[in-house]
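Chains as they are written, first to last, in the working numbering: chain A, 1 to 405; chain B, 1 to 513.
For the record, the hints were derived by calculation from the structure and aren't laboratory data. Model, not experiment: these values are computed from the prediction. For each residue, glycine too, the CB sits at the ideal point set by N, CA and C. Watch out, some of these pointers could steer you wrong.
[Stated by the list, open to error] Each pair of labels, with its calculated beta carbon distance range: (1) A:GLY297 with B:ARG489: 21 to 29 Å; (2) B:ASP353 with A:GLY70: 40 to 48 Å; (3) B:THR485 with A:ASP252: 41 to 49 Å; (4) B:ALA409 with A:ASN80: 26 to 34 Å; (5) B:ASP352 with A:GLY70: 40 to 48 Å.
[Stated by the list, open to error] Computed cross-link-like contacts, PhoX-like style, restricted to lysine-lysine with a CA-CA straight-line distance of at most 25 Å: (6) B:LYS73 with B:LYS39; (7) B:LYS244 with A:LYS351; (8) A:LYS351 with A:LYS316; (9) B:LYS186 with B:LYS73; (10) A:LYS316 with B:LYS244; (11) A:LYS401 with A:LYS105.
Listed below, chain by chain, are the residues.
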Amino acid sequence: MERTTTSLLTSRRHLMLAGASFAAWGYLPKFARAADQRDPRLIVVILRGALDGLATVAPIGDPDYAELHGAIALAAGGPNPALPLDSFFALHPSMPEFARMVSAKQAAVIHAVATPYRERSHFDGQDVLESGFAGPGRVQSGWLNRALEVLPRGPRVAGALAVGPTAPLVLRGAAPTVGWAPVALPQADDDTAMRLVDLYAHRDPALASALSQGLKLEKVAFGDDMKPKPGGNQINAMRQVARGAAKLMAADDGPRIAALAFDGWDTHANEGGAVGRLAQLLSGLDGALAEFESGLGPRWRDTVVVVATEFGRTAKINGTQGTDHGTGTIALLAGGAVKGGRVIADWPTLKLASLYQGRDLAPTTDLRAVFKGVLADHLGVSERALGETVFPESAAVRPMKGLVA
Amino acid sequence: MARDPQAALIALNRFGFGARGGASGDLVNAASDPRGFVKAELGRPNGALLEVPGLQGTPALADAVFAYQDEVKRARDAAAKPASETPPVEQPGQTRGLSMNGGDAAMSAPPSSPPTTGTGMAPAAGESAAGMQAKPAQPQQPPNVVQKTFRIEALARLQRAVLADCGFTERLVAFWSNHFCISAGKGELARMWAGAFEREAIRPHVLGRFADMLKAVEQHPAMLFFLDNQESLGPDSRAGQNRKRGLNENLAREIMELHTLGVGGGYTQEDVTSLARIITGWSFAGRNSRNGAPGSFVFNANAHQPGAQTLLGKTYQDDGLAQGEAALADIARHPSTAKFIATKLARHFVADDPPPALVARLDAVFRTSNGDLRALTLALVDSDEAWSAPLTKIRSPYEFLVAGGRLLARVPEDPGFYLNSLNTLGQPLWAPAGPNGFADTNAMWAAPEGMKLRLDISAQLASRLGNNLDPRDLLDLVAGDATSTETRRTIERAESRQQALVLLLMSPEVQRR
Chain A
1 MERTTTSLLT SRRHLMLAGA SFAAWGYLPK FARAADQRDP RLIVVILRGA LDGLATVAPI
61 GDPDYAELHG AIALAAGGPN PALPLDSFFA LHPSMPEFAR MVSAKQAAVI HAVATPYRER
121 SHFDGQDVLE SGFAGPGRVQ SGWLNRALEV LPRGPRVAGA LAVGPTAPLV LRGAAPTVGW
181 APVALPQADD DTAMRLVDLY AHRDPALASA LSQGLKLEKV AFGDDMKPKP GGNQINAMRQ
241 VARGAAKLMA ADDGPRIAAL AFDGWDTHAN EGGAVGRLAQ LLSGLDGALA EFESGLGPRW
301 RDTVVVVATE FGRTAKINGT QGTDHGTGTI ALLAGGAVKG GRVIADWPTL KLASLYQGRD
361 LAPTTDLRAV FKGVLADHLG VSERALGETV FPESAAVRPM KGLVA
Chain B
1 MARDPQAALI ALNRFGFGAR GGASGDLVNA ASDPRGFVKA ELGRPNGALL EVPGLQGTPA
61 LADAVFAYQD EVKRARDAAA KPASETPPVE QPGQTRGLSM NGGDAAMSAP PSSPPTTGTG
121 MAPAAGESAA GMQAKPAQPQ QPPNVVQKTF RIEALARLQR AVLADCGFTE RLVAFWSNHF
181 CISAGKGELA RMWAGAFERE AIRPHVLGRF ADMLKAVEQH PAMLFFLDNQ ESLGPDSRAG
241 QNRKRGLNEN LAREIMELHT LGVGGGYTQE DVTSLARIIT GWSFAGRNSR NGAPGSFVFN
301 ANAHQPGAQT LLGKTYQDDG LAQGEAALAD IARHPSTAKF IATKLARHFV ADDPPPALVA
361 RLDAVFRTSN GDLRALTLAL VDSDEAWSAP LTKIRSPYEF LVAGGRLLAR VPEDPGFYLN
421 SLNTLGQPLW APAGPNGFAD TNAMWAAPEG MKLRLDISAQ LASRLGNNLD PRDLLDLVAG
481 DATSTETRRT IERAESRQQA LVLLLMSPEV QRR
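With the rest of the complex left out, here is chain A (with noise of 0.2 Å):
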């Protein structure tokens, strides 16, 4: 156990040292695409709450759109009009940036999307959003997490980013990770440290892997200017978080799959349209996917991030100008590999007799084909273990195609 501790301690003060750099952290990957030289790296943010995916992208070619969303519809004129994608879809407008990704068709929304989960409760529904499984109840791990098992061996990939003081589940699991949140703190010594995780190695190895992972991540989340600037409003927070997540992952040894979490969506009562507090949600959404392209750098050609929520919400507004929950949502896609430009959509309308129980957008997407679709052909996760481990007995869900350039 002495040499545990000492290579421990050593790979701290490296680290410590070193800046920006996991290179004493044997287990980062190394992860390169041998065929076409290129270095994915994959980001994965969850809106907790259920985000209103007919006021973010709002279909507003269609011809129920404008009465069922009532007031908070966004429209193509007017003081703040929405940002066209294409003929018929609009972006919300407090999200230029993204809008600008599409443009540069390095961004992509997927519409009308669920995952297999019906019901409407928030907390059964991130789980089958995180957990990969068709049903909830199975939150032991994260789809993310198996998927990061079954990457093609040789280049070994143990190491991932949770962003936050807790996992999300997506990407908890047996695949270690390690976590890093923006807290200024003065910290504990490396001495007092390294004699804890001996300490937990020989009675509570759970603790010991912990704690033992924690450490080496903020050495390099802390090196420089990134002073953490924890509390702010949410919007910044959202920003700031997403800065240091792209610091750690542009280095050349840093972690190549990270995932984060941002709660508030659940819009009940006054959501708001062009101005109000999804639009203050979104554009911290905005600003966090602006953080991610400048903060990764050159890495953001290789890069995906896939934004999900765990379900849409109600296509009518409800008494208090917000939405209940609902069903279709969308999903974005951005980043230098994505194949963008696009709203890829089969639109089931808007009519009365369309909307899934009469009340929510009916979804024609499975979520997990979009997921499955960046997997395999980001990270060449096969078809088979995409079917079966990844997302267990979802082989009918075949990968959406096309989604990375």
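Let chain A serve as the given structure and place chain B on it in line with the hints.
Just chain B now, with coordinates in the frame of chain A:
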């Protein structure tokens, strides 16, 4: 009963907040009669109530918020005559910053200790409060009434937890408060009411009837505000017709999904909508209300959806407020509720995957006693499983910080350190991210980053206090003969008292429960 060191650890850590330092003798007392030690607190009449001078009721707190908001508005109007109209309610920076405000000495250490870490905290906390806009020269704003109230409420709760004999009652309060959580992040009223909600709706009933707690919670202005029910209008009610507004099913859904039946508890979307209609009109008096004192529960018949409703197969005639109360009473004794509560309670106190036999027994007790929470609690303490299951759960950040305060025998005089640390560790007081409250599993709290931050917080504490205490003595007070050889050796071999204290605070004996 024979002295049993392991049972003493279970009594103190599984059920309570850990042994107190100083001359408490907690571990010895617990070892001589572990079950009796746990139950002793339950015998005190009204032992869960928190009545401290300076704590006010919900209507008085509402008055104070409204007065404060008026004052802010007047000041703003005066300052910027032609100014643009900015929305007055949402001030996220202000409300969020509150709990991080103020650089407080770690756990209110006595003034004799050098304030190195205390001041070390201050810039971090100030930076947190100001967020990205932090300007070094910015003078610190005095806390407003909302911030002050939140801190007073937090301090009262913390002091009670640190001083309690075993802490079992306070653990129960924390459990039920998280089960029926609101979030102070919802807005100024929610932050103002967070403590009062727990004192008024949770504490009186933790050893009473579940149905009574349910009714008190769902009729409390803080919950109605948190889940938007004051905005929900019956579409065919007079107010709904006049104002062209209608239902908001937020509270109705969470009552069934999170508070009672649980997901899969046998309700449908139609039931959610029915219950939403049934509880239209459940609201609270706002400023200048003619219906009652501002901040008190009111049933607004004008907003109530007229007509009978069918819920879970039973028809409820429209008799106004009584319609919803009858529905809640039925939901409270529904078999799904019994099972949901039994599982959650066992998961909290015993194991992430609780023993099925224990859950079944608690389920039966809940049903046969008609939701008597004292009977349910005693069944838990009397079970064999609670005393034989290994201590596998990790303390939540709140439990860890309180246990630390008890062990170090520091009664907080200021909640700043606790509130800052809870934010850092991802469990901000009374402010979970969603209405499902904080998760209650090791996956949530034993995550890499969380453990690393716990270590840093322990180091801060130790740097303030470590040189005045003998960690070997503390180890005997907190775990005694139940201490593992490795932990004892690690602490004895530490290079300083300070380091030994960090290791003690982080040891499995303190972290696991």
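Hint check results:
no.	hint	result
1	A:GLY297 with B:ARG489: 21 to 29 Å	49 Å, violated
2	B:ASP353 with A:GLY70: 40 to 48 Å	46 Å, holds
3	B:THR485 with A:ASP252: 41 to 49 Å	44 Å, holds
4	B:ALA409 with A:ASN80: 26 to 34 Å	58 Å, violated
5	B:ASP352 with A:GLY70: 40 to 48 Å	44 Å, holds
6	B:LYS73 with B:LYS39	51 Å, violated
7	B:LYS244 with A:LYS351	22 Å, holds
8	A:LYS351 with A:LYS316	11 Å, holds
9	B:LYS186 with B:LYS73	20 Å, holds
10	A:LYS316 with B:LYS244	14 Å, holds
11	A:LYS401 with A:LYS105	16 Å, holds
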